[in-house]
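If you use this note's numbering, the sequence shown corresponds to residues 1 to 543, in order.
FYI, nobody ran anything at the bench for these hints, they're computed from the structure.
There may be inaccurate statements among the hints.
Taking lysine to aspartate or glutamate and the DMTMM-like style, the derived pairs with C-alpha atoms no more than 25 Å apart in a straight line are [claimed, not checked]:
1. K115 to E310
2. K199 to E174
3. K485 to D272
Simulated restraints on C-beta separations [as the list claims (entries may be wrong)]:
4. K172 to K116: 29 to 35 Å
5. L389 to F220: 31 to 37 Å
6. E43 to K86: 19 to 25 Å
7. F461 to S261: 16 to 22 Å
8. I255 to K147: 42 to 48 Å
9. Y78 to T207: 25 to 31 Å
10. R97 to I122: 28 to 34 Å
11. K120 to F423: 22 to 28 Å
12. K77 to L337: 44 to 50 Å
13. S53 to K211: 19 to 25 Å
14. K120 to R273: 51 to 57 Å
C-beta: ideal position from N, C-alpha, C; glycine also.
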Amino acid sequence: MKKLILTLLILSPVFSYWEEIPEGIKGKEIKKQEENYFVLTAENDIKFELKKSKSIKVSVQNTGSEVKLYLYKNGEKYKTYKISDKKDIKIFLRKGRYSFKTEKGMFHLKFFEWKKRNLKSIEPVGGGFSRTLLIKDKKYTYYRVTKDTSCTFKIKGPETLYLYVRGDFGEKGERIHKKFKIKVFDGGKEILSKEFKGKSSKKSIYTENKKIVPGQAEKFEIKVPEGIHSIRMVFEEGTGTVKGYVKKKEKKFKIGLEVSSGYDSNIFKFSDRDIDLFINNEKTHKFSYVKTIDDLFFGINPSISLYLDEIEVKAGAKFKIHYKNEYKNYGSLNLNLKLLKKNYLYFKIFYMPYYFSGPVYLKEENLTYPLKFSHLKIGGGCELKKYFLKPCIEAGVSRYNFSYEVFDYLDAFKYYFILRVNFKNLTPSIKIYYTDPLHPLSNKNWSNFSLNTGFDLNYKFLNAGFDFETRMFTTDNPYDTLHYKRKDFKINLYIESTIKFEFLKFSPFIEYQKRFVRNPYEGDLVEILKDYEKFLTGIKIKL
Numbered sequence: 001m002k003k004l005i006l007t008l009l010i011l012s013p014v015f016s017y018w019e020e021i022p023e024g025i026k027g028k029e030i031k032k033q034e035e036n037y038f039v040l041t042a043e044n045d046i047k048f049e050l051k052k053s054k055s056i057k058v059s060v061q062n063t064g065s066e067v068k069l070y071l072y073k074n075g076e077k078y079k080t081y082k083i084s085d086k087k088d089i090k091i092f093l094r095k096g097r098y099s100f101k102t103e104k105g106m107f108h109l110k111f112f113e114w115k116k117r118n119l120k121s122i123e124p125v126g127g128g129f130s131r132t133l134l135i136k137d138k139k140y141t142y143y144r145v146t147k148d149t150s151c152t153f154k155i156k157g158p159e160t161l162y163l164y165v166r167g168d169f170g171e172k173g174e175r176i177h178k179k180f181k182i183k184v185f186d187g188g189k190e191i192l193s194k195e196f197k198g199k200s201s202k203k204s205i206y207t208e209n210k211k212i213v214p215g216q217a218e219k220f221e222i223k224v225p226e227g228i229h230s231i232r233m234v235f236e237e238g239t240g241t242v243k244g245y246v247k248k249k250e251k252k253f254k255i256g257l258e259v260s261s262g263y264d265s266n267i268f269k270f271s272d273r274d275i276d277l278f279i280n281n282e283k284t285h286k287f288s289y290v291k292t293i294d295d296l297f298f299g300i301n302p303s304i305s306l307y308l309d310e311i312e313v314k315a316g317a318k319f320k321i322h323y324k325n326e327y328k329n330y331g332s333l334n335l336n337l338k339l340l341k342k343n344y345l346y347f348k349i350f351y352m353p354y355y356f357s358g359p360v361y362l363k364e365e366n367l368t369y370p371l372k373f374s375h376l377k378i379g380g381g382c383e384l385k386k387y388f389l390k391p392c393i394e395a396g397v398s399r400y401n402f403s404y405e406v407f408d409y410l411d412a413f414k415y416y417f418i419l420r421v422n423f424k425n426l427t428p429s430i431k432i433y434y435t436d437p438l439h440p441l442s443n444k445n446w447s448n449f450s451l452n453t454g455f456d457l458n459y460k461f462l463n464a465g466f467d468f469e470t471r472m473f474t475t476d477n478p479y480d481t482l483h484y485k486r487k488d489f490k491i492n493l494y495i496e497s498t499i500k501f502e503f504l505k506f507s508p509f510i511e512y513q514k515r516f517v518r519n520p521y522e523g524d525l526v527e528i529l530k531d532y533e534k535f536l537t538g539i540k541i542k543l
């Protein structure tokens, strides 16, 4: 396992490098060719302690004939190396105390630690047709470069631009260019000229053209001074592709804003029968709070994120305003706490102080009440990123509190459990809900189980989702004709496309919902009243 871990680290194609360990090593230190080395002899050991597991590289220079070098762990001999001239020892070491010893001879040692660069890819602003590089299951977008086709990156300095360059090889990995030579320009000024032979890659392909085999990545660092610069790269000899990276900035806080606007065809989720009644101006008492069946809406979602070491705290709000039906306006607050690790944990709180579900007419009182409630949800979960399919598990509870004592039987707790897995660009999920009313009436008990299965598809500029939900009521009272053996089925389909322009994201969307109800009573109005169909369409703009 140790060898496997170390091999993967050493062969990692991007985002990794060896960094000199500046301190924590005990031994006789010398300067050799303007670099810091530690000298090891039979009289002078070199000791160091690791507080956590690390991958270490030790560059060893032997000043004499072949001699054995010993590595001790917690006082016991752990490894033996034969050194005749120069050697790089690469090893994965767990937490503990270590020391290098020798029985004769003299060695010069320099210590390095395996580090990961926290990089983000950047897209070129000019030139270069995109090519999709596939390494195992991971995809990277590279850009085609030749002598006549350059690739330009716009950089605001001071910054370091990391160029990962791959030469072209034949279909079987054979060499089609004697060598490769690249040149890099800042504006019209040449700032880099490099030649390399390159090697064909056995682990990667271009999905668009498998007759061209990509070479192994050659890495170049470009120091970009202060100001805005156009860094252009071209192949003077040979052809290939390039990908650009810069270091990710350490975030302290981030402010986000999303605004949306659109159209809702059935804002109160009315059945076809109720829509006809409203249009024909019948039973007007039932629609006392309804101005139109459909409506335009406007939404605004501000948020702020605070980053503290490996913790992200995000607070946000959502406000939705309708053009004609002001009773449907609402706002909500949310707070999310996330531990940013490979397998991260998260905790969330959601609170909606007011939501108008719809009007309810009570024949006994000959009155129409606004059916409104508050909603508090607390939940949490974990995403196991280092496991196969990266499963995400979440669980929590919601508390619904309906206004007016006449609706006390609707107050409830709702418990939920969610399991999601990630399969490339597809994320299937299973959601289980159980609703438990606090004060169920003898003739109205709406406790129920719900099972929701669906998926989310995220592919380049397209996001889509589909859910199918089955809700089954649990009451065993046959006189509760509203809920006894009733089953609700709901379909939800969502499609969104994202277009980036400068620092803005434009996302037009369309959503379709349909619910159909089945119960054992023939001719009962429940199915007629509870079935509904609606669609929403609009656009989101995210800063």
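Consistency of the hints with the structure:
For the proposed pair K115 and E310, the alpha carbon gap of about 17 Å is at most 25 Å, so the pair holds. Restraint check for K199 and E174: satisfied, since their Cα atoms lie roughly 9 Å apart, inside the 25 Å limit. Pair hint K485 plus D272 holds up; C-alpha atoms about 23 Å apart against a cutoff of 25 Å. Checked against the hint of 29 to 35 Å, the C-beta distance between K172 and K116 comes to roughly 33 Å, which is consistent with it.
A beta carbon spacing of about 36 Å between L389 and F220 agrees with the range 31 to 37 Å that was offered as a hint. For the pair E43 and K86, the beta carbons lie near 23 Å from each other, so the given range of 19 to 25 Å is met. Taking 16 to 22 Å as the suggested C-beta distance range, the pair F461 and S261 conforms, at roughly 20 Å. Taking the beta carbon of each, I255 and K147 are about 45 Å apart, inside 42 to 48 Å as hinted.
For the pair Y78 and T207, the beta carbons lie near 45 Å from each other, so the given range of 25 to 31 Å is not met. A beta carbon spacing of about 43 Å between R97 and I122 contradicts the range 28 to 34 Å that was offered as a hint. One distance hint, 22 to 28 Å for the beta-carbon pair K120 and F423, holds here, with the actual separation near 25 Å. The hinted range of 44 to 50 Å is satisfied by K77 and L337, whose Cβ atoms lie roughly 47 Å apart.
Checking the proposed 19 to 25 Å range against S53 and K211 shows it is violated: the Cβ atoms sit about 43 Å from each other. A C-beta distance of roughly 55 Å is found between K120 and R273, which places it inside the suggested range of 51 to 57 Å.
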